[in-house]
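K.L.:
The task is simple: from the sequences and hints, build the whole structure.
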Amino acid sequence: MERVIVEEGEIPEEQAIIVVQMAKTQNLLFGGTDNFSVSKEFNRIAGHKQKLALLKCLFAVSAADDSISTIESNVIRQIAEELGLERGEFVELRSRYREHLAVLKKKPPTSGEGG
Numbered sequence: 001m002e003r004v005i006v007e008e009g010e011i012p013e014e015q016a017i018i019v020v021q022m023a024k025t026q027n028l029l030f031g032g033t034d035n036f037s038v039s040k041e042f043n044r045i046a047g048h049k050q051k052l053a054l055l056k057c058l059f060a061v062s063a064a065d066d067s068i069s070t071i072e073s074n075v076i077r078q079i080a081e082e083l084g085l086e087r088g089e090f091v092e093l094r095s096r097y098r099e100h101l102a103v104l105k106k107k108p109p110t111s112g113e114g115g
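In this text, residue positions in the sequence shown follow the working numbering: the first is 1, and each later residue adds one.
By construction, these hints were calculated from the structure, which means they are not laboratory data.
Everything hinted at is true.
Below, in silico cross-link-like pairs of lysine-lysine (PhoX-like), each with a Cα-Cα straight-line distance of 20 Å or less:
no., residue 1, residue 2
1, 56, 40
2, 56, 24
3, 24, 40
4, 51, 40
Pair ranges (Cβ atoms, derived):
no., residue 1, residue 2, range
5, 41, 1, 16 to 22 Å
6, 21, 65, 17 to 23 Å
7, 71, 95, 17 to 23 Å
8, 66, 43, 28 to 34 Å
9, 74, 22, 20 to 26 Å
10, 44, 103, 29 to 35 Å
11, 98, 14, 29 to 35 Å
12, 37, 105, 31 to 37 Å
13, 43, 67, 26 to 32 Å
14, 41, 91, 21 to 27 Å
15, 41, 105, 33 to 39 Å
16, 87, 46, 17 to 23 Å
17, 44, 67, 31 to 37 Å
18, 12, 99, 28 to 34 Å
Yeah, the Cβ is synthetic: ideal placement off N, Cα and C, and Gly gets one too.
P.N.:
Printed below as a string of structure tokens:
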């Protein structure tokens with residue numbers, strides 16, 4: 001995750017390590033209950049370019065396993081909305097990761113099909 005944050009977020013490695021550790025600690029302590037307040041605070045302090053960089057990082061981290069689930073994509077969309085980003089901006093960033101979107105991947109036939 002640190003590598004993705006450095007590359008996609010364009011921040012120094014030392015800061016990326018801190019960011020990932022903070023995210024892990026926040027998740028352990030609060031789980032999903034504190035997400036809205038975090039995005040609200042980020043929205044307050046970040047510029048437009050930083051908001052887009054965050055979305056890019058979210059897609060990159062989600063794609064790390066070569067598959068962005070519908071749930072992951074929906075959460076990123078929700079974060080984009082909370083940050084006041086335009087739908088078109090979300091769609092444009094998501095399109096860069098099109099090959100990783102699970103909903104667009106061809107599923108292999110299950111046993112008994114196509115036989």
